[in-house]
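**Student:** Okay, here's what each chain looks like letter by letter:
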Amino acid sequence: MAHFEFTTPVTEAQVRDLKVGDTVTLHGTLFGIRDATQIHMFDRGRTTRFDLRGHAVIHTAPNVKKVPPSPEHPTGYAPVCVGTTTSARMERFTQPLMLQYGVRLVIGKGGLGADSLDAFREHGGAYLAVIGGTAALETTWIEAIEDVDLDDLNPESLWRFRIRGFGPLLVGMDSQGGSLYRDVDAAARSRRADVLASLGVKAR
Amino acid sequence: MRVDSREVEEAAKQLYIRALKLLPPDVKQGFDTLARGETDATARGILGVMVRNIAVAESTDNLLCQDTGIPIYNVTIGKGVEVDGVALKEAIRRGCERATREHPLRSSVVHPVTRKNEHSSCGRGVPVIHFDFDGAADTLAIEMVPKGSGSENNSWLRMAIPAEGVAAVKAFVVDCVLDAGGKTCPPTIVGVGVGGTADLCVHLAKVAATRPLGTHCEDPEGAKLEAELTAAVNRLGVGPQGLGGDSTAFAVHVETAATHITMNPVAVNMQCHSARRARATFTPAGVEYGF
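Residue numbers (my numbering), protein chains in the order written: chain A, 1 to 204; chain B, 1001 to 1291.
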């Protein structure tokens, strides 16, 4: 179990070094992305002016406050509370995010599935787990909202955050086919019959 | 006692913000209980971060979680309380909108077909407002629950049949917890509705999921199921965030209702570890805020 400090963007080699159980803390730039953002990007043909190559995206839609634009808040948005949403809903977007946009790291909670694991293996990517529901803490790792695109989808815009010390995040899925979520799920299901027996129920 | 709808509007606003920032003491205690019994080191670490987040939210006056949820207001009208029901509903809606615009909060509410967000946390039928009556109290109580989507997206109903017996209820709960995995932000409160009609059964599951920790089903049969199922689901090893460990659920809560001779319905609704709720009680002396 190693710890890594990455400044984004990262290289394929850096990501391929990560193994499940390692931890990563990120610095630099982080892109916020969500259901509607990706539905519009991949189902409705919209594109972004942002260069996501080698970058990390986080499954989020933040609470923001409108403020007068300033050097500190160039977009006119100040972060209020930035957290992480359940990744599983966005499973089918991992492959195109990596293939079309060159994204390397996906940050979320609850894990992704087999298609994403294949994408991480084929293209060199990893899934980093935030502890879901700890947004007050996560917000302290965000320095500013640097830019925003597709903002008609607000709050599901494509956000560009400047971050410092974002983590530690747990590597939940790696580029070598490792997935903590798959392993925990398989172990839990293997206990199903015993647990049902303890309730006087015969497993079917 | 007469209740002024302007005060209700102010309370509806305050309650939404308060619920998003302050976790009830029973949930904090629930973390302590889980942490003491947790044998997995990663899981203990995750529980520690969750507890730290509660402290950070309080010290920075921030929201516990980014998910402002679907706003639910449960109104309980006591004996001798005079209230204009229509005005009360409108006041709650206005308070909910004001919390969203004035704090500001992320409006998480969209039209189900157009997906248009009015940025008010309101829409058709939302906020959800329930009314009930309490002959034992002479107050008006409003409970506010911002119901997050990670847990709400994991809701199930099964219209089992009498021949399947209570075994169907038990197996269903275990399978729902397995299917939810880490998606519900465990440790959760697993709410189970048993009996009723289809819609009542689902409603009971929500009541169970949002009930304070440490409370038990008033029906002894339901309470018995709660004890058995709480122990059972915590033997699955799903753990906090679905990353393994003993702490899968704070508790399984059950609510029951009579059902039809041909029916055996069971529903599951979950509440995430950020089990947020807030309460305002209107008394002749003023409004008291609590959980």
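Hint data in this document are derived by calculation from the structure and do not stem from the laboratory.
Idealized CB from N, CA, C, for every residue including glycine.
Just so you know, not all the hints are guaranteed correct.
Straight-line distance between alpha carbons at most 27 Å, and here's what the computed BS3-like set of lysine-lysine pairs gives [unchecked claim]:
(1) A:65 <-> B:1224
(2) B:1116 <-> A:66
(3) B:1021 <-> B:1079
(4) B:1224 <-> B:1079
(5) B:1116 <-> B:1089
(6) A:65 <-> B:1021
(7) B:1028 <-> A:66
(8) B:1224 <-> A:202
Facing chain A, a subset of chain B residues (Cβ under 10 Å, in silico) [as the list claims (entries may be wrong)]:
(9) 1001
(10) 1002
(11) 1133
(12) 1177
(13) 1232
Pairwise CB distance ranges, derived in the manner of DEER restraints [claimed, not checked]:
(14) B:1220 <-> A:146: 57 to 65 Å
(15) B:1118 <-> A:76: 14 to 22 Å
(16) A:11 <-> B:1164: 52 to 60 Å
**Student:** Taking the hints in turn, state whether each one holds.
**Tutor:** Here is how each hint holds up against the structure:
Annotation: proposed proximity of residue 65 of chain A to residue 1224 of chain B is violated, straight-line Cα distance about 48 Å (limit 27 Å). Of the supplied pair hints, the one linking residue 1116 of chain B and residue 66 of chain A holds, its CA atoms being roughly 20 Å apart against a limit of 27 Å. With a C-alpha separation of about 31 Å, the suggested pairing of residue 1021 of chain B with residue 1079 of chain B is violated against the 27 Å cut-off. Distance check on the hinted pair: residue 1224 of chain B and residue 1079 of chain B sit about 32 Å apart at the alpha-carbon level, beyond 27 Å; violated.
Only pairs whose Cα atoms come within 27 Å are accepted, and residue 1116 of chain B paired with residue 1089 of chain B is accepted, the gap being roughly 23 Å. About 17 Å separates the Cα atoms of residue 65 of chain A and residue 1021 of chain B, which keeps this hinted pair within 27 Å; it holds. Only pairs whose Cα atoms come within 27 Å are accepted, and residue 1028 of chain B paired with residue 66 of chain A is rejected, the gap being roughly 33 Å. A distance of roughly 19 Å separates the Cα atoms of residue 1224 of chain B and residue 202 of chain A; the hinted pair therefore holds under the 27 Å criterion.
With a cut of 10 Å, the hint placing residue 1001 of chain B at the interface with chain A is violated, because the nearest CB-to-CB distance is about 36 Å. Taking 10 Å as the C-beta cut-off, the interface hint given for residue 1002 of chain B is violated, the closest approach to chain A being about 36 Å. Hint status for residue 1133 of chain B: violated, given a least beta-carbon distance of 34 Å to chain A, over 10 Å. Interface restraint check: residue 1177 of chain B against chain A, minimum CB-CB distance 8 Å, threshold 10 Å, status holds.
A cut of 10 Å between beta carbons decides the hint on residue 1232 of chain B: the least distance to chain A is about 5 Å, and the hint holds. For residue 1220 of chain B and residue 146 of chain A, the hinted distance range of 57 to 65 Å is satisfied, since their beta carbons lie about 58 Å from each other. Between residue 1118 of chain B and residue 76 of chain A the CB atoms are about 21 Å apart, so this pair conforms to the stated range of 14 to 22 Å. A C-beta distance of roughly 56 Å is found between residue 11 of chain A and residue 1164 of chain B, which places it inside the suggested range of 52 to 60 Å.
Violated hints, in rising order: 1, 3, 4, 7, 9, 10 and 11; the structure is consistent with all others.
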